[in-house]
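Dock chain B against the given chain A, drawing on the hints supplied.
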Amino acid sequence: MNRRFSLFNVTSLTLGFAFLYLPMIILIIYSFNASKLVTVWAGFSTRWYGELLRNEQFLDAAWVTLKVAVASSTLATVLGTMAAYVLVRGGKFMGRTLFSGMIYAPLVMPEVITGLSLLLLFISIGLDRGVFTIVLAHTTFSMCYVSVVVSARLVSFDRSLEEAALDLGCSPFDAFKSVTLPIITPAVVSGWLLAFTLSLDDLVIASFTSGPSSTTLPIKIFSAVRLGVSPEINALSTIMIGIVAIGVVTASLVSKRAILRQKREEEEGFKQ
Amino acid sequence: MNPRRLLLILVPYGWLLALFLIPFVIVLKIALSDTAISIPPYTPLLDLAAGWEGFKSFLGQLDFENFVFLTEDDLYWKAYLSSLQIALVSTIITLIIGYPIAYAMARSAPEWRPTLMMLVILPFWTSFLIRVYAWMGILSNEGLLNQFLLWTGLISDPLTILNTKTAVYIGIVYTYLPFMILPIYATLEKLDASLLEAAEDLGCTRLSAFWLVTFPLSKSGIIAGCFLVFIPVIGEFVIPSLLGGSGTLMIGKVLWEEFFSNRDWPVASAVAVILLMILVIPIILFQRNEQKNREADQ
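Quick mapping for you: the protein sequence lines, in order, are chains A and B.
At position 133 of the first sequence the residue is numbered 133 (full-length UniProt numbering), and the sequence of numbers has no breaks.
At position 267 of the second sequence the residue is numbered 267 (full-length UniProt numbering), and the sequence of numbers has no breaks.
Hints should not be assumed to be uniformly reliable.
Unchecked claim - Pairwise CB distance ranges (calculated): (1) A:Ile125 - B:Pro216: 47 to 53 angstroms; (2) A:Ile29 - B:Pro3: 55 to 61 angstroms; (3) A:Leu37 - B:Gly14: 53 to 59 angstroms; (4) B:Thr160 - A:Leu37: 16 to 22 angstroms; (5) A:Val189 - B:Trp77: 42 to 48 angstroms; (6) B:Asp74 - A:Asp158: 18 to 24 angstroms; (7) A:Val189 - B:Arg294: 49 to 55 angstroms; (8) A:Ser35 - B:Glu197: 54 to 60 angstroms.
Simulated from the structure, these hints should not be mistaken for lab results.
For every residue, glycine included, the Cβ atom is placed at its ideal position computed from N, Cα and C.
Chain A extracted, bound-state conformation (with noise of 0.2 angstroms):
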C-alpha cells in the first residue's frame, strides 16, 4: 500500500513530533548554557549542573519526592489492583454504580478540587500535614489509574483458564495467584509506573497537603520558576526528562524482548 507513505501523513506525523519535542529539546540544549540569561548563548557550560547539585533545598525535596512517589504508588498499585478485580470479577454487588463512578471520576477531577477537598478533610479529622498526608493524596489518585490500566488486561484474558484452575482444586486465592496475577503482571507493573510518574509530577494536590517541612520538587520548582526562567531549573529539567527517557526505552525494550521470547517459545512448541 503506498499509501501508507503520503505526502499528507509524512507531513502531519514530522509536524505534530516537531511540536510535541521542541520545546523540550530547546530546553536541554539551554541548559548546557554558560550564560546567565537564559535567552542568550554563551557557549557551553556544565556550570548549572553543579549549582544544582549544591542546591541543599533542591535535594531535599527531591528525597521527599522520591519517598512520597515510592510509598503512594506501591499502596496505589495494591488498592487499584483490588479495586480492577472487583469492577472486572466482583459481580453484583450494593453500590457497584458508585463504585465505578469513584474509580473514573477522579481520572478527570480537576485537581484543585482534589487538593482543596483532602486538605479540608485532613483538617477536620486533625491530621498534621506532612509527608503521610501527600502519600494518602497521591495514593487515592493514582490507585484509580492502576485500576484502569488493569482492568484492561482484566477484561482481555481468557476467564476459563481461571475456571479451569478452580476446577483442578484450586482455592480462589491459589487460583488468583497462579493464573491470573502473572498474566495481569505487565499492567501491574505499568500501572506502578503510571502511578509512580504521577506522583513524582503532581503540584497542586502536594501543594494543598504538604506541611511546612515537607515540601516536594514540584512544589519547589513552581517557586523557583514564578519567578522567571532560570538555567538552574532548565539544569533539573534536563536531568528529569534524561531519568524518564532512559527509563521508558528500557522498560520498552524489556517488553519487547519478552514478547519476542514469548513468540518464540510458541513457534518451538507448535513444532513439536
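Chain B only, in chain A's frame:
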C-alpha cells in the same frame, strides 16, 4: 457473601469513600458555613454527638452567604465563563491538530506503530510542569520564537505572547495533545481497511470515503479525546499561572488564590462546589461513553 470477597470489595471501596467522597461532603459543608467560624481552627457545624437535635441545629445554621457573594462579584462569573471558553476553544484546536497525527499513525506500517505510539506517550511521562515551563523561555519577549521571527524578518518588533491568552492556548494544546491523539488512534487502528476498499470500489473518492466511513467510525475516539481534554482544562491551574499572567482569568487559578492568598476557605469551597456542578454533566457523559466503548469491545 464469603468473607474474602467482602474484604476484597470493602478495602478499595472504603478507601475511596473515605478519601474521595467524604472530602466532597466536607467541602460542601464548609461552602455552606459562615466565614467567621470556618477560618482555622474552625468549629464543626455538625455535632454528631447531639444526634437529631444536633442535625436540626446544623440545618438551621446553614446559609448560602458564600454563594450569594459569588453572584455579587462579577470576577467569579467571568472566570467561569472564561474557563469554559478556553476549554472549548483549546479542545477544538487540539482535535484539529491531533486527528491528522492519529490518522497518520494508524495508517503507517504496522512495524512502525509501536515506536510512533511510544513517541506520543513519552511526553506524558515527562513532567507536566517542566513541559509548561519549557514554553516560558520560548514565548517571552526575548525568547526564541521572537528571536527567530525577527531574524527571518517577518516582524520588526518582538511580539508579546507570554502572559496572554494565546500563550495559555499554546500551553494547553501542547500538554493535552497526547490525550487527544491516543483515543482517536485506538479507534482508527481497529478500523477494518476492507471497509475503505469497499467504499472506493463503490465509487467513493478518497475524501468522501474518509468522510463517510473513517470519520463516523472514529467518533467514539473523538468523543473520548474531547472529554479528556475539555474536563481537566476547565480546572487548569498550572498553565494559566505560568503562561497566562495576571490578565488571564481561569477558575482553577481563582480557587487557588482564594485559598492560598486570601485564605477565605468558605469562598474557595463555594467556588469548588460550583465548578463541580459545572463538571458533573460532562463527567457523567464521559463515564457513559467509556462504558459504551467497553461493552463494544467485549
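Against the structure, the hints come out as follows:
1. A:Ile125 - B:Pro216: 47 to 53 angstroms: Holds, since Ile125 of chain A and Pro216 of chain B (Cβ atoms, about 51 angstroms apart) stay within the stated range.
2. A:Ile29 - B:Pro3: 55 to 61 angstroms: holds, 60 angstroms
3. A:Leu37 - B:Gly14: 53 to 59 angstroms: Check passed, 54 angstroms falls within 53 to 59 angstroms.
4. B:Thr160 - A:Leu37: 16 to 22 angstroms: Taking Cβ atoms as reference, Thr160 of chain B and Leu37 of chain A lie about 19 angstroms apart, which means the hint holds.
5. A:Val189 - B:Trp77: 42 to 48 angstroms: Between Val189 of chain A and Trp77 of chain B, where Cβ atoms are some 47 angstroms apart, the hint holds.
6. B:Asp74 - A:Asp158: 18 to 24 angstroms: Violated - the Cβ-Cβ distance for Asp74 of chain B and Asp158 of chain A, about 59 angstroms, lies outside 18 to 24 angstroms.
7. A:Val189 - B:Arg294: 49 to 55 angstroms: Since the Cβ atoms of Val189 of chain A and Arg294 of chain B sit about 22 angstroms apart, the hinted range of 49 to 55 angstroms is violated.
8. A:Ser35 - B:Glu197: 54 to 60 angstroms: holds, 58 angstroms
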